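Protein chains in written order, with the numbering used here: chain A, 1 to 187; chain B, 1001 to 1512.
By construction, these hints were calculated from the structure, which means they are not laboratory data.
If you're wondering where the values come from, they're calculated on a predicted model, not measured in any experiment.
Each residue gets a CB set at the ideal place from its N, CA and C atoms; glycine is no exception.
Take the hints with a grain of salt, since some may be wrong.
[To be verified] Derived coverage of chain A by chain B (criterion: at least 3 residues anywhere in the stretch with Cβ under 8 angstroms from a Cβ of chain B; other residues may be distant):
(1) 54 to 68
(2) 79 to 89
(3) 103 to 112
(4) 124 to 137
(5) 141 to 150
(6) 169 to 178
[Unchecked claim] Within a straight-line C-alpha distance of at most 25 angstroms, the following computed PhoX-like cross-link-like pairs (lysine-lysine) qualify:
(7) Lys1315/B x Lys143/A
(8) Lys1315/B x Lys1231/B
(9) Lys1333/B x Lys1231/B
(10) Lys98/A x Lys143/A
(11) Lys1394/B x Lys143/A
Residues per chain are reported as follows:
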Amino acid sequence: MPLLGAPRLPQGPNYGILAEFATPADLYHACQRVRDAGFTRWDAHTPFPVHGLEGAMGIRRSPLPWIVLGMGLTGAALGFGLQYWVHTTAYPLVISGKPYFAWPAMIPITFELGVLFAALGAVFGMLGLNRLPMHHHPLFTSKVFERVTDDAFFISIESWDPRFDPSATGKLLESLGARRVELLESE
Amino acid sequence: MTPAIRDDTYKGPLFNPKAQTGEQIGLAQTEAELLDNPVAGRPTLILRSPDFHSITEAVAEPVERPTPSGWWFFFIPSLALLGLLGVAVSWLFWEGIGVWGLNVPVGWSWDITNFVFWIGIGHAGTLISAILFLFRQTWRTSINRAAEAMTIFAVMCALLFPGIHVGRVWVAYWMFPLPNQMGVWPNFRSPLLWDVFAVSVYGTVSVLFWYVGLIPDLAMMRDRAKTRARKLVYGFFALGWRGSVRQWHHYESAYLVLAALATPLVLSVHSIVSMDFAVSLLPGWHTTIFPPYFVAGAIFSGFAMVLTLMVICRKVFRLEHIVTLRHFDYMAKITLVTGTMVGFAYGTEFFTAWYSGNPYEFFTFLNRAGGPYAWAYWIMVSCNVISPQVFWFKKARTSIPILFVMSIVINIGMWFERFVIITTSLHRDFLPSAWGYFTPTMWDVACLLGSFGLFFTMFCLFVRFIPMVATAEVKTVLPQANPHGGSVPERESEAHRRDLSGPGELAPEGAS
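Throw the hints in and build the complete structure from the sequences for me.
The following block contains the structure:
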């Protein structure tokens, strides 16, 4: 049930190759080599964010901050607009002699709604960019992959990568120090 | 299942390049060896040099094992107090606000005191999760999950009181800008309405922040699950997280953005709470120092509550190697700083009251320190300003009994601070004929105790069902998590070791 369209999973008998590495350092160096070998449809999997791994994989900056900025400005504008409309048009009422359009008094709620929308944008934007929730994935068919949230480090290369070749790619990963290489079935 | 600690001695090189031998720092097995050493440098944050798996075990195992009897020891009294809250609130709704000790001129007392107290407790959780994250204080990783949970439960308690103190609870929805058949809208120019927005946004953002932090650990619980129910429930909430670096990439960006949003948010929330008072024209309330003074007090009391909770939790769940004395040392230092800031604010208020030349203002303060509520004022000063000064001494900062007692003392003091500010400013009106005195009824007491019941019931459920330490974050502060740095675990090949020692290949763009 991804948020932004169906995930483009490969067609064919194999989803791809999963290789396990012993340490973050092993994984880091293997990622650099896989990146330099020109693969594009591949990923690494770690129990925690490993420092600098995006660079080793050649991932571009996340566009998330722009989503957050847009949402934050929208929230602030809506918040300010609501207050302006209520106090000048919908229900103009003099309270404590304040002017109808007492804009400094409207700043706190403008700020709060800006933060609320920005936070919602950050969370749901992140989930959307990550295509989560996605409760089924071919990787979950692997038994060793259960340790991805514990202490194991993986590289997965999808079979529809133009450079993918079941035996050669497996050998490459072994030569990079993988402890175990596994061919995954499509779901 | 593998034992909780597989290897007590970490044999690789150490995180800190200055600390060369295991005896000096890396094998810090006793807590005394744990604190900063000016010669050897800083020791690692997590004791007993665990590997990644043992962190998983230490945190996940207490959630998976059958409910220990000790848990019921905390849960049943908490649940009983929650029941008391139900009775007190039901009676309040049935009979009306008159069951509390409120009167004219004291129209706000324990209800709003409890509200400000609880919302303040929550602020330390956000400080730990957001502000310390922005300042790259990696020691926060051991305590941030529990502190954020504390924030959410404290905000729940806080939200209760404005909701029930309005008298006619069936029209409590008037607080929100809902279109209605009367064509009436709330007054957005009032701090009381700012407060509704600030606290509800704060609660929402705290839950979002907490949940985002939880996703990797829920996935961990899913992957370890032995029963189908557990796999389904944790799996559902883990959203199919698979630890992909392309996911971590957006995830870390989202986490950083949420921290950057929560930081000004938390400062705004208690500033706005203080404006409920400061924007009024009442002597004792009408002062510009309130926003920073309230924020400092909030963090002060919140850290005290974190201390109370963590002293118990690390003992009960045997997490002494993850939540170490070093963490307590740091928290005690923050408590000392914020407590002293609060003391400074008390002094400044008094000075300003005198220097303003306003007789009403100065009377209010003289009356606080020497009037009918002097007992409350001096409880406040001794708990909040005098007693935290023991934290100048490292012995006190690293002694669990002293920390525990102090954490309770501070929270008593901070409750009284809000009571003093609210009640003493109200009970002497401008004309002596309108003077009064507030005495709590048993229903005031029941509401306060009941709110503690709500808080501790939620916290007990939290530690029972959710990993109380953010394992994915704790693993990042282990020395071997750094792919470039000090660590070369034994199983690595000699060739790889040579590879690691060459700095040229090791330093990718921007990495350190």
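To see whether the hints hold, each was checked on the structure:
1. Residue count for the stretch 54 to 68 of chain A with a Cβ under 8 angstroms from a Cβ of chain B: 9. That meets the three needed, and the coverage hint holds.
2. Check result for the stretch 79 to 89 of chain A against chain B: holds, 4 residues qualifying (beta carbon to beta carbon below 8 angstroms, three or more required).
3. With a cut-off of 8 angstroms between beta carbons, the stretch 103 to 112 of chain A has 6 residues touching chain B; three or more are needed, and the interface restraint holds.
4. Counting residues of the stretch 124 to 137 of chain A whose beta carbon lies closer than 8 angstroms to any beta carbon of chain B gives 11, which reaches the threshold of three, so the coverage claim holds.
5. A stretch counts as covered by a chain when three or more of its residues have a beta carbon under 8 angstroms from one of that chain; for the stretch 141 to 150 of chain A and chain B the count is 6, and the coverage holds.
6. A stretch counts as covered by a chain when three or more of its residues have a beta carbon under 8 angstroms from one of that chain; for the stretch 169 to 178 of chain A and chain B the count is 1, and the coverage is violated.
7. Between the alpha carbons of lysine 1315/B and lysine 143/A the distance comes to roughly 34 angstroms, so the proposed pair goes past 25 angstroms and is violated.
8. With a C-alpha separation of about 28 angstroms, the suggested pairing of lysine 1315/B with lysine 1231/B is violated against the 25 angstroms cut-off.
9. Under the criterion of a C-alpha separation no larger than 25 angstroms, the hint pairing lysine 1333/B with lysine 1231/B is inconsistent with the structure, at around 41 angstroms.
10. Proposed proximity of lysine 98/A and lysine 143/A is contradicted: the alpha carbons are some 67 angstroms apart, above 25 angstroms.
11. Using a Cα cut-off of 25 angstroms, the hinted pair lysine 1394/B and lysine 143/A is violated, with the two alpha carbons roughly 49 angstroms apart.
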